[in-house]
Each structure stands twice: as structure tokens, then as C-alpha cells.
Amino acid sequence: MKGSETVVNVDASSPRPSRSPRPSRLRADGISLGYEDVPVIEGLDLDIPDGQITVIVGPNACGKSTLLRALSRLLKPTRGAVLLDGELIDRLPTREVARRLGLLPQSPIAPEGILVVDLVARGRTPHQSLFQQWSDEDEAAVRTALDATGTLELADRSVDELSGGQRQRVWIAMALAQQTDLLLLDEPTTFLDITHQVDVLNLVHALHRDQGRTVVMVLHDLNLACRYAHHIVAMRDGQIVAAGAPAEVVDAELVSRVFDLECSVIDDPSSGTPLVIPTDTR
Amino acid sequence: MLVALSVAAFFLSLALGTKSIPISDAISAYFDRDPDNLNHLIVRDLRQPRTMLGIVVGAGLGGAGALMQGVTRNPLADPGLLGVNAGASFAVVVGISFFGVTGTVGQVWFALAGAAVASVVVYVLGTTGRSGATPVRLALAGAALAALLFALTRTVLLSDEAALDEFRFWAVGSLAGRQPDLANQVAPFIIAGVVIAFAAARQLNALALGDEAARALGTRLGVARGVSVLGIMLLCGAAVAAAGPIVFVGLVVPHAARAWFGPDQRWLIPASVVLGVVLILLCDTAGRLVSRPAEIQVGIMTAVLGGPMFILLVRRTRMAQL
Amino acid sequence: MTTLGLDTPGDGSAPLPLRGVVVRGRNYSMRLDMRAIVVCCLLALGTVLAGLVSLSVGSFDLPVSEVFGHLFGNRTEASEFIVGRLRLPRTLIAAGVGFAFGMSGAIFQALVRNPLGSPDLIGFNSGAALGAVIVIFEFEGSRAEISAGAVAGGLIAALLVYAFAWKRGVQAYRLVLVGIGAKFAVDALVDYELTRADIRDVREAAVWLTGSLNGRGWDEFRTIVLALIVLAPLAVLMQRRLDRLDLGDDTAAALGLQVSRVKLALILVGVGLASLGVAAAGPVAFIAFVAGPVARRLVSSPNACIVPAGFAGAFLMVIADLAARNLLPTEVPVGIMTAAIGGPYLLWLLHRQAQTGAL
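Residue numbers (my numbering), protein chains in the order written: chain A, 105 to 386; chain B, 177 to 498; chain C, 31 to 389.
Heads up, a few of these hints could be off.
With the Cβ distance kept under 7 Å, some of the chain C side facing chain A (calculated, not the full set) [what the hints assert, rightly or not]:
#: 1; residue: Met-60
#: 2; residue: Asp-63
#: 3; residue: Ala-283
#: 4; residue: Pro-323
Calculated Cβ distances over 10 Å to all of chain A for the following chain C residues [what the hints assert, rightly or not]:
#: 5; residue: Tyr-58
#: 6; residue: Phe-90
#: 7; residue: Ala-108
#: 8; residue: Tyr-192
#: 9; residue: Thr-225
#: 10; residue: Leu-277
#: 11; residue: Thr-281
#: 12; residue: Leu-287
#: 13; residue: Ala-370
Honestly, the hints are just simulated from the structure, not real lab data. Glycine is no exception: its CB is placed at the ideal position from the N, C-alpha and C atoms.
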């Protein structure tokens, strides 16, 4: 990918190269965000480490989804800038952004009666044009995406008939078919039961492991976040409280600062990652 | 406060018009009547019937709007937007054209029947399904229904020029040129409707929490809704019969009342009735003033003022998706 | 899926069960929906047949052979007047107007994600009607000026609605509600104009407001042909973007669509088509509303089918004109017949939406 060269550029031209030890193609530089006149986030800096899974956690209404929307240029910062490969993301052509960065919104809408394969094929939009509606690459990318998400055998089914977990996998397949190095997922596990949550997160992990993609997700469940994240970003009231590897940053003090929850943190017996256990306060 | 406002609107509507009369004269026409004073004559004999009609119509539309928003739990409910006016219009046109009904008094019954059918349709649309229709979808359904009834109305009118001529003045919504005793004829319906609305207020409060919670609180849903629909039918049908289809009053008034008195229906409904009167009287008076000596009908005034207010409301509220 | 052309998938695995046929060359590849093409051809054929019937029957019946004779150069005096002057232009206008309304309806219904969201129901036609009525009463304009007034009114109304619905992007529900609000205000102004005019003009205006093809000639035909030549290709080009929009605004943006700009373009094309249709035949209701769902059902596609909806609209409109001229003892405006087609469907749709909770 051409990303590696650009990364050098970014670091060379970056005003604060010491901020992050790792290369980062996607970064937020002092951004302020808000809806109407209500500020949600003010002056926030964030670097997304390349090739890793970054998970954003925090209580409801802390601004985590807002931040994700800004990173995918769905929301324009009132101040500061989001940089993709060192360029202002708002200045890049929309299509160009869509070839480098994919996003799965919180509740995407499937048109009534659409087939799985047709939905996934829509992920190819940024690679197509009026005269190039369905190339070999499109076919291959869709096949790979269906394969990677285990939905190839569902290809000719209607999306309406699928279970929640299957449907979420299909949506991820659509984002995969877009073939972007960066993938942003807004709460991909909401409304799923625990089995399917683990299922989807395993899939995300496999994407990182097998294809080296950079993933940014918003998650609700702190323990699952600790298990799957390389880099965890804890937010509260529009501020980043802590960021780093879960084993290094997640402790009882952080949880109390972020969630106002008294707890103890132990090692997850299954994965060795931090496990948050709320203190029994009855 | 509300009473003061309505009294002020009452006398303003008596005083202002093609020939302006000092407010003091309008007041003294009641408390110190002088049979030879021309101004007193105008007030008592010309303007008072019209103002009384405005009171009746305003109370009907305001009350119907509040009831409708309560029973459908839908902030966009309005007799005009949801096609109830269109139903009444269609019935009136049928009355004029097929049954030779002339004069507003005879039209009342047709308007009532049309409003009744349309209210029931709206009620069914707004409440069937698990959670009832979302505000946007109900508004869309109402607009579609109104378009259909409108087309039917046109069909009848095109075959009957006399009906067209009579109807076009009725269709804009106006208090002018009605029979002097019309307000008295319509008032019983409105009074009955207002009484029903007051009686339904407590149940509507329970209904506001959702069907299941309302049932858990011991409300009999069928009764509560049936009574409300009856009230809507009476208020709306009588108001439309008297003044023609006037839009947006039923929408805007309950929102103003809610901003003032909060969501308790026991306050909301009386406040809406009074504010409806105030709004109609003020709009009618304004319509007499803006293009003197000609006048703009009250229905045009409410539509021209209400349209922007509706849009403002839509922009301020966050609503469920389509 | 069948693959025609130069390339076939290299790995020999079964091709993906994608909808449609892919045609590929060296520098291009197209996905063609065969079923949509077949539906379009059948609807076009139906329109032509209905049109031929429409040319031959009426207050004075002309044998089909004579109609054919006229079309292929063998003209008689009777055919010259009845077919050439009266029936041919109005039948062609019916087809053209139906095509424009059908496409416009499909665009709007997809844009607001609801079959009730067609321009004739949520008030995008009201602006055109007001423009025309103002020209009729205030300026006593000619036919051409009335048409211009309709187009101007339609576009101004649409731009205002778009502007007022704008709040960090245009969401479908806000567009619908602002459109409805504007419709009621604009309709009131139309009614106001009607109260100020002489009753004879009012009757004429009422006929116009119902939608009528009576007395339309080659001038109106030129209007509608021009509209279709300019706007139909644009509508076809917008199809792909419209399909992406039904994934939701966020997903569409993530796929590289400039959502607000695309929506504005779609609204302008949709309103342009509807307004020019109104300019030629008046605000005929329910064609835009019915054509989209009919096309979608026939093609059985999850997408909006802009072009098939156009053909469906043309077919329905020609049928409606035929019925309007012949079904009742006296001719009625075509808008009455389209309401007769659309009304029952509307009631059925409302009933079904209420039952399934889609309302």
C-alpha cells in the first residue's frame, strides 16, 4: 500500500511528532465537535495506530460516536482538523476518502428485499463509475468479503430473512468489500446476544490478523473491549481520560474515573486481558 | 392571563375592520348602549355575529387539535393536516351538489358526517399496529388522504358550476358573509364537544404514557379513545361547517398551550380552547386590516401564518425516521 | 448471473448470484437488469397499443386501418383532423407527461423512503399549480406563459422547501414535513386566487387544476419532449446514486457519496420533471404515486426503478386518457380518471401500512 510512504511524510511534517510513538494514518488534531450549538467535544487530539484494533469506550453520551463520525468526515469539526494520510480529510474528494476509509454506522438501513450479495456489492461504489460498473476486481472483492465473513452461502438470501448476527456480518462484509485499510465500526455488537457479539468481534480480530487492517470501533462492553483492543481509548464528557494498551491503562482507578463505578480489575482467566468486576455494593 | 387575552381579542375584533371604531366604543356598546350611535350599531349588529362565530370556530379547532394530539400521541396531529377537514369538505360538496343543500346550517350535518368518517379513518391509521404510526408517517398518510379527498371534491365540482361557485368561498375558510344566527346553530355541537374534551382529559393523561401503561393504570382504552374521537368529530365537524376548512390552528394552538402550561391535559385542553379562540379572532381581525377595504379570509391568514410556524416546529423537534 | 464479453472469472468458482447480467469489454463493464429491460419493453408495447386504440376510438370512431394509414403517410381529410390535429398530439402528450410523472415519483419515493412520498401527494406539485394560477388570473397569460409559470413555481417551491428543511443536511422526514407544511400554505393561496376571479375563469382554472389533456396540441408536446430530452438522461444517471442513498445517509457517505449535493440534484431533477409535466397537462394526481410501486413490483427490485416507472407512468396515463374520453357519456378531465386509479391503491396502501406497522 502507498500508506507506508505517506506515513513517513506525516511524521516528518507533523508539528508534534513525539506525540505518538507509532505511525498513524488517521489522526485528530485539536478537534472540537458539536451538534447545533451544543459542544460535545473540545480540543481533542487522537492518533489511530496503524494495523491495530483501537476501541473507544466510555459512558453514554460521552461523545464516542460523535468522535467516530468526525474521524470518518460525517461530521465537520468546528475547530481543529482530522488528517488522513497527512491531508485534511474535508479537502479530499469524497470518493478518495471512501477508497481509504470505510465506515459502518450504528444502524444502517437495508432496502426492503435486497439480496445479501447485492448489498455487499454496494460496498464497491467508490471503485466504480458509469462505464465501469462491475469489473473483475469488484467480483473478487465481493467474493473475498463474503468469504471472510462466512456469508458466502447466504449470498442469494434476502437480507430481511437473516438473524441479527448474520445481518451484522453482512454489513461488515459490505464495509470489507470497500477494501479500505482503515475500517471504522460504530457499536457493531449492539442488539446482538452474547454469542453473536463474540462472533462478530472474532471476525474483526481475524481481519486485523489476516489482512493487517486498521480497525476503530466503539464498544459498550468494557471487558470485551479489553480482550479485543490493542489500543483502548477511554472517554468521558468529550475528553480522552486515558489511551494505551488495555493491560497498561485499565485499572480500578480508571474505571472509577470514567464510569463512576467501584470495581476490582483482575486478569481474564481465558485471555489474560484485564477483567472488570463491579464491587458488590448491596 | 388567558382570560384577559381572550377578552382583548374579543374587543379588538369588534373594533377593527373596514371602519375602525375606538375600542372604548366597542366596550361601551355593551355596557352603555346608545341605539342612535352608529358605532354601537356596527358592533352589535354587524361585527358581533362574526366575532361570535370566530369564538365558536376557534374553540372547536383548538379543542379538536388538542384532543387529536392527545389521542394519537402525535405532535403533528391537526384536523387540516390529517385530512379531517378534507373529509368534511367533500361531504359538504356532495351536499351542495347532489342534495341541493344551500346555506351553512344545512351544511353542518354534512360536514359533521364527513368529519366523522375522516376522524375514524385517521384514528384507525394512527393507532393500529404495535405502537401506532410515527408522527411523520401519520402526517404523510393524512396528506395523501387529503389529496384523494381533494381530487374527489374537484370531480364533483367540475360537473356543477353552481356548486363550484358556492364552494370556492367556503373552501378558503372564512367568517365573513355567514348567516347571522349561524354561531347559535353551531354552538351546541361545540359546547358538547368541549364538555367531552374536558371529560376525556384525565384519560388522555394516562394514554400519554403508552397503551400498556395506560391499561396498567386502569384506563379503559376503548372507552377513552371512543369518547375522544366523538369529541374530535363534533368540534371539527361543527367548526369546519361554520367557517370552512381552516388549517394549522389545531396544530399550533396546543403547542403554544403546552409551552405555557406543560403537558397536563387537564390544563392543556381548556387552554387550547381559549387560545384557539384568540388565534382565530386575531387572524380574522388582521385579515380585515392588511388589505383594506378588501379583506383576506381567516383561513388564508392562518395558513400563511401557520405554515411557517409548522416548519419552525418541524425544525425544532427531533422526530422518528420515516 | 451470466457473464458475456471478454472476461470470465478466472478461478473457476461459481459466479456470485448477483442480480442482472454483466456485459464487459476492455475498458468498460455494465450491469444490466434483464428483467427491468423486459418490463420496460412490455410497458412500452402496451403504451403503443393503448395509444393506437386511443387514436381510433372517441366521439367519432376511426378504423384502426385508417389510423395506420395516417401514421404511414396515407392521410385523409378526416384522419388529418381527428388524428393529426386532435388525438395524436394529446396521446403523445399523455405518454410524455406520464413518463415524466412516473420518473419523478420513483425518485421522490426513494428519496423519502416511503411510497406515500410522491410529489403529487406531498405538495411539490402545489408550487407549480400556484405558479400557473397566478399567471392565469393575475396576468391572463397564454398557454406558454402558464407553462412557464408552473415550472417557475415548482422550482421556487422546491428550493424553498429544501432550504427550510436544511439543518446540517437534509433528512428525509424533515423534507416530507416541510413539504406538507408548504403544501397546505400554498394550497390556501391557490384557493385565495380562486375566490378573487370571475366564475368562468374559475371553472377553467378548476379544470386545469384537476389535470386535463383537452385541447392540448403540438406546443405542449414540444414542452414535454424538451423536458424529457434534458431531464430523463439526468434521471438515469442519478439511478446509481439513488440506490446508494437507500442504505441510509451515513452509509452512503461512507461509500463516497456527497449526500447533500446528491439529494439536491435528485430533488431538482424530480421537481423539474414533475413541473414540466404539470406545465403540459396540469397537476394530474396519482400517476407519480402509482407508477413507482407498479414498476418496482413488476421488476421485483429492491431499488427504485426510475426508467421502468417512467414507462409505467406513460402506460397508465394513456389508459387514463382513453378512459377519460370514452368511459362516461361526456368527456371528463384526465385527472379524475387517474384519481380513480390511484384512490383505491392509496386506501389499500394506507390499510396495509397501518396493519404491518409500516405506517
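So, going through the hints one by one against the coordinates:
1. For the restraint placing Met-60/C at the interface with chain A, the shortest Cβ-Cβ distance is roughly 5 Å, inside the 7 Å limit, so the hint holds.
2. For Asp-63/C, the suggested interface contact is broken, since its CB lies about 11 Å from the closest CB of chain A, more than 7 Å.
3. Given hint, Ala-283/C at the interface with chain A, holds; its Cβ is 6 Å from that chain's nearest Cβ, closer than 7 Å.
4. Hint status for Pro-323/C relative to chain A: violated, with the closest Cβ pair at about 12 Å, above 7 Å.
5. Non-interface call for Tyr-58/C relative to chain A: violated, since the shortest CB-CB distance, roughly 4 Å, does not exceed 10 Å.
6. With a least beta-carbon separation of about 48 Å from chain A, Phe-90/C lies farther than 10 Å from that chain, consistent with its non-interface assignment.
7. Consistency note on Ala-108/C: stated as away from chain A, and its beta-carbon is indeed over 10 Å from all of that chain's, at 49 Å minimum.
8. The Cβ of Tyr-192/C sits about 19 Å from the closest Cβ of chain A, beyond the 10 Å cut-off, so the non-interface label holds.
9. Annotated as non-interface, Thr-225/C keeps its C-beta farther than 10 Å from every C-beta of chain A; the closest such distance is 42 Å.
10. The Cβ of Leu-277/C sits about 6 Å from the closest Cβ of chain A, inside the 10 Å cut-off, so the non-interface label is violated.
11. Against chain A, the non-interface label of Thr-281/C is violated: not every CB pair exceeds 10 Å, the least being about 5 Å.
12. With a least CB separation of 7 Å from chain A, Leu-287/C falls inside the 10 Å interface cut-off, contrary to its annotation.
13. Every CB of chain A lies more than 10 Å from the CB of Ala-370/C, the least distance being 28 Å, so the non-interface label holds.
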